[in-house]
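**Student:** Could you build the full structure based on these sequences and the hints that come with them?
Residue strings, one per chain:
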Amino acid sequence: MADIVVVGEIQNGVVTDATQELLTRARDLATARSRSVAVLAFGKDAEAAVKTADADEAVVVVDQAVEEYNPGVYEATLVTWLTENPALLILLSNTTMGMDLGAALAARLQIAMIAYCTDLRIEGSSELATCQIYGGKLAAEVELPDRAVVTVIPGSWAASGRSGIPMVHRFNAQPSPISVVKVIEPDASGDVDITRADILVSVGRGIQDPDNLELADELAQAIGGVVSCSRPVVDAGWLPRSRQVGKSGQTVKPKLYLALGISGAPEHLQGMKDAELIVAVNSDENAPIFDVAHYGATADILDLMPALTEKLNGRNG
Amino acid sequence: MRIAVLMKDVPDLVEELEVEDGALPLDDMSFVPSEWDDQALEEALLIKEETGADVTVVAIDTGEVDGLMFTALAKGADRAVKLAGGFSRRLANRQRGAVLAQYCQTQGFDLVMTGVQAIDDLDGQIAGWVAGNLEVGHASVVRDVRAGADTVKVVQEYSGGKMAELELPLPAVLGIQAARKPPRYVTVAKVRQLQKTASVETVDVSEPTAPTLSVRKIYKPEAAGHAQMWGDDVDEVSEKIVNLLEDKKLLRS
Ligand SMILES: Cc1cc2nc3c(=O)[nH]c(=O)nc-3n(C[C@H](O)[C@H](O)[C@H](O)COP(=O)(O)OP(=O)(O)OC[C@H]3O[C@@H](n4cnc5c(N)ncnc54)[C@H](O)[C@@H]3O)c2cc1C
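Chains as they are written, first to last, in the numbering used here: chain A, 1 to 317; chain B, 318 to 570.
Rather than coming from a laboratory, the hints here were simulated on the basis of the structure.
Ideal Cβ placement from N, Cα and C applies to all residues, glycine included.
Just so you know, nobody snuck in bad clues.
Simulated coverage check for chain A against chain B, where a stretch passes if three residues somewhere in it have a Cβ under 8 Å from a Cβ of chain B:
(1) 64-75
(2) 103-117
(3) 135-146
(4) 167-181
(5) 245-255
In silico lysine-lysine, BS3-like type, Cα no more than 30 Å apart, as pairs:
(6) K470/B x K365/B
(7) K51/A x K479/B
(8) K273/A x K534/B
(9) K557/B x K253/A
(10) K470/B x K399/B
(11) K182/A x K470/B
(12) K311/A x K566/B
(13) K399/B x K365/B
(14) K507/B x K399/B
(15) K557/B x K311/A
(16) K311/A x K273/A
(17) K479/B x K253/A
(18) K273/A x K253/A
(19) K565/B x K253/A
(20) K273/A x K255/A
(21) K498/B x K470/B
(22) K44/A x K479/B
(23) K255/A x K311/A
(24) K566/B x K255/A
(25) K255/A x K557/B
(26) K479/B x K255/A
**Tutor:** And the structure:
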């Protein structure tokens, strides 16, 4: 019976980077406290994917019903296994699966839950978690209770690259009345591919009105870039989903990312923080976007966009 | 079909967040409805328009939720219920989840909808807590809710634009990512008008017993880096950007 359980995610036949990160910290904590680590993973690729994971035990669930993520089947299976194997710490990534299952598992197991974790560490006799709250504007330091489910923001720390030889065994999927009707792959047709642009003029809710998008279009044209955006701009129906940068959109790495009226919520940063050069314009000097930007300005974007366009066109002209 | 929309208000991020002695002075801050709860309400109201469903907005009374409740009624919710128990603004989500589940249990809602997350849910999201306490099926990070007689279909979002359509039997709990349309707007005048005739029901509930997390401190994170700042003068900033482009050889010749 393992003390620390990592609920793994597998993509294209391999353990995701986010899961590797969980395994790394699980092993660090386990070593310091003489504890053991188990990884639990779903799907036909699970066994091959976890057989070299840095864990003492690997539990694989292979069943037609778990080939695609199904919240009902995954939860029922996890609750059953974790009830038989009551771990102290259950780690999930703060992905759709983690956001979907984390608190529900904690409720079913009647244990605590800690969300948006960015650090897990031992300090003296305490085990502490740091969490990111208020859209990344604040952090909280929390003591890990005796038993908890923790969801960790992907990319919070580096994966070690260590491997291991876990004891692999199987566990049966548990039934659920929830079904996956169909999987919808990302729409690759039609619109421009923002992941290929060298320069992105990216607008957020600070654009305020769809009519102002024209200013962004003109700027993109003058600068030789493409317009992308944050999620609320897509949800409002102002730009197509193919233009969305972030956790549920695209991950981009352009030569220049010009963030205009974007606050820099963790879900947005996840998709653009590795851009080569980030320039952010936001009237709020405390906006978290300035923590990842190389250069920043607190100008009003509705004034800045036309002024910059004019300057560029003057040069090009 | 009876739908419950669970809503809460959260500190307004437009205002500067000041931390005092490792905690937020919540009593001195201004609050706004959590944006994802607003999305959940909008999606519920769209279902009401399509199917004639009955929409009840439910909030825990932690001080000033009347504004949020009357706004929801003005937007088209049928009922607003406030769960009272002398709760403080600091009520954690584990406790909120227990209180909300306890109430939903007695009401037999077909569908319980709430925001996928809130900016302050340090101890997990409400949808999961409520569903786990009720032991009913749930899906979070979803949109496009299509309610049928016995089941509901939703689209769940994953990273990179991948999605799946799921079907859940009713009753079910949903964590809404976004409504099909931007949340509707009602004027302050309309809300005030309604306040004269409509009412918010108060239901007394008992204090949950689950333990809370021990939070050592809340603080402003020390960023690993910070942008070099150029100020707010539009001409100067434009000039700086053009110079930077030139420097990095990103200007078209
Ligand atoms: C599961 C999940 C997945 C998500 N996925 C994504 C994702 O893929 N991508 C994404 O972007 N978000 C995503 N989000 C949403 C994310 O949490 C934030 O809500 C979103 O990123 C905020 O967008 P924003 O910065 O444009 O808006 P806001 O946070 O509202 O920021 C607007 C900013 O504009 C500034 N501003 C306003 N007017 C002006 C002006 N005239 N001039 C200059 N500045 C101005 C304001 O100061 C503010 O900082 C996701 C959320 C969840 C729960």
